[in-house]
Amino acid sequence: MSEPLLSVRDLRAWFFTDQGIAKAVDGVSFEVREGETLGIVGESGCGKTVTSLALLGLLPEPPARLMDGSSVRFRGQELVGADEKQLRALRGNEISMVFQEPMSSLNPVFSVGDQITETLRLHRGMDRRAARAEAVRLLGEVGIPEPARRVDEYPHQLSGGMRQRVMIAMAISCSPKLLIADEPTTALDVTIQAQILELLAELRRTLGMAVLLITHDLGVVAEVCDRVVVMYAGQVVETGTVEDIFVRPAHPYTRGLLGSLPSVGGAGGRLVSIAGTVPSPLHWPDGCRFRARCGLAGDGCEAPQDLVELGAHGRAARCWRART
Amino acid sequence: MSEAPRPRALGGLLPGLPQLLAGRWGSGGTALLVWVGCLWILVTRFGRVTAAFAGAWDERVAVGTLLTGLTVAWAWSWRDASPGALPKQVGVSQWDLALRAFSRNRTAVAGLMVIVALYMVALLTPLLAPLDPNFQGALLTERYVGLSGAHPLGTDQFARDVLSRLLYGARISLLIGFVSVGISVTIGTLVGAIAGFLGGWVDGVLMRVVDIVISFPQLVLLITIIAFFEPSIFLIVAVLGLTLWPNTARVVRGEVLSLREREFVQAAIALGYSKRRIILRHLIPNALAPVIVAATLGIGQTIVLEAGLSFLGLGVQPPTPSWGTMVADGRNVLLNAWWLSTFPGLAIVFTVLSFNLVGDGLRDALDPRLRT
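Here the protein sequences line up with chains Y and G, keeping their order. Quick note on this note's numbering: the first sequence kicks off at 881 and runs consecutively. Quick note on this note's numbering: the second sequence kicks off at 317 and runs consecutively.
For the record, the hints were derived by calculation from the structure and aren't laboratory data. Ideal Cβ positions, reconstructed from N, Cα and C, are used throughout, including at glycine. Among these hints, one or two may not hold up.
[Stated by the list, open to error] Derived Cβ-Cβ restraints for the label pairs, each shown as a range:
| no. | chain 1 | residue 1 | chain 2 | residue 2 | range |
| --- | --- | --- | --- | --- | --- |
| 1 | Y | Arg-1009 | G | Leu-573 | 32 to 40 Å |
| 2 | G | Ile-528 | Y | Gly-961 | 47 to 55 Å |
| 3 | G | Gly-515 | Y | Glu-958 | 21 to 29 Å |
[Claimed, not checked] Footprint (simulated), chain G over chain Y, 3 or more residues, beta carbon under 8 Å:
| no. | segment |
| --- | --- |
| 4 | 951-961 |
| 5 | 964-970 |
| 6 | 976-987 |
Produce the complete structure using the sequences and hints provided.
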């Protein structure tokens, strides 16, 4: 197989705080291939957002630091330790991001047209008029009605869903190879969520870009992802295709996540939840980090767990029981 | 605001009238005032206007102001009253909203009208003033003359016309206020934004400089600096501009500290924008509202400060007229020639009051807590 678009190896992003070292991301590896949608799922505090920020060097340093041995390769170029100028050339151009909170992701003093135009002029070197025409076209492409009129609107005149569409228009304006979407639908209501996901899926097809979708919502994952990385306590606990994860989950944590989903037409009983809470990144437990909350915890769990390869296609789980 | 039909033709006839009829007395009144004032000067002082064409640079500026005032007031009123010029529905920025809020504040609009009138007067002074500010009448008979037809505001101890000196003094006060605040706001905004955004040691160094500058008693600092050099308008502007910026820097830094945590700054970084671009294009415009308020109030303060310096003899040097020196000159003869100190004193009060009213109005209009 050809080289993956993005290859993350042993990414460790630690925060050096007054209370100690918070190992928010502690040895994460995954790959994103050209044109695919990879979902990263996990509870709050599992390190998924820190991972996404670390990819583009967006973590505030200090307190954060990428530890030695961390590697993020994008089309063969190493991004960890790359200088600011190289990263800037990539950001918004080859790799772009969509954030969680569309209400505050747009600059309130400029019209949406000005904001899209700025990106186009910076990365694609367009002149004012061409950039404006392109901005109108992009707004139409992300499904904003009357784009020629809306281009002059200010963020406070748009609804949350509209703003997220504008953010997406900015993100795709330079035809990136990879779009990182960090909880892009969390702040939106359910009908708008579905529309935005559909839009992302459609843009992925038409532009041929890969999408890295960070979410805590398994429903979203099932809907749009090709492959899934499940994170827990700063580590990858399971990877696989969507079918693998949903039909044959190998890690007890993944099973717990799936078990806590309400099912359509199922019995209307109480929802099952995973007992306990995510441990603090300042003090990850020794051995298997999920042990304290795991119903199957037993003798083999005191040792630190490695990812166990399960067949081909990068399918793996961080649990010794998965071996059998 | 309801849309009453606007008699456009009236705008061509008398600028401001259509707006006044539509109940917009602020903009209408300003246009009418400017237009009528300029026309009045043009008609009553036609000879001076034609002579001023070839005069000194300030006279030519005055003629330029006169003609610009006439055309702009007329053209604006005509265009504004045209049927197509309805209030914007699409693309209403936060500035537009603030402007709408401001125009509903009657006292602030009145203050703004006074300020516009003051700056017009300051620019038109060479055409307006009855006499040269330094022209001395007969020293024996024309000293301390009270209010009269020849000297509407009387004369001073050198038999100079107080009204003329008052008008020329307006230029000095308004110029010093405007330019020195302009300098201090520019420096303060840049320093504050850089310190707030970059943080770390840059922030530490810049804010310690601010602390040092701010910890000097301002008046004492000013007096010390001026004592070392020959007092001149340029020096006063420079000194005021270079000592008042720390306040702005603090305000802007505070704003930027909260702004940089907002997601649009993260988004700007993720879009590959440089730090310079983020500071100049994304942070400063968002931090500008309190700066504008502080600057407006600052002009008033600076005018008072300059008057105080001039009063102490450290500001504008005689014979150049300045409100502060005029008040100082008259204080010994207050009982015999009250007009000497009173009129420049009133001028200072009204000017500063207007700036404060506008500043307060802007604060109300720009305060984001009053809107969402």
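Hints, one by one, checked against the model:
1. Arg-1009/Y to Leu-573/G: 32 to 40 Å: Between Arg-1009/Y and Leu-573/G, where Cβ atoms are some 37 Å apart, the hint holds.
2. Ile-528/G to Gly-961/Y: 47 to 55 Å: violated, 38 Å
3. Gly-515/G to Glu-958/Y: 21 to 29 Å: Given about 27 Å between the Cβ atoms, the range holds.
4. 951-961: Not satisfied, violated; 0 residues make the cut.
5. 964-970: holds (count 4)
6. 976-987: holds (count 9)
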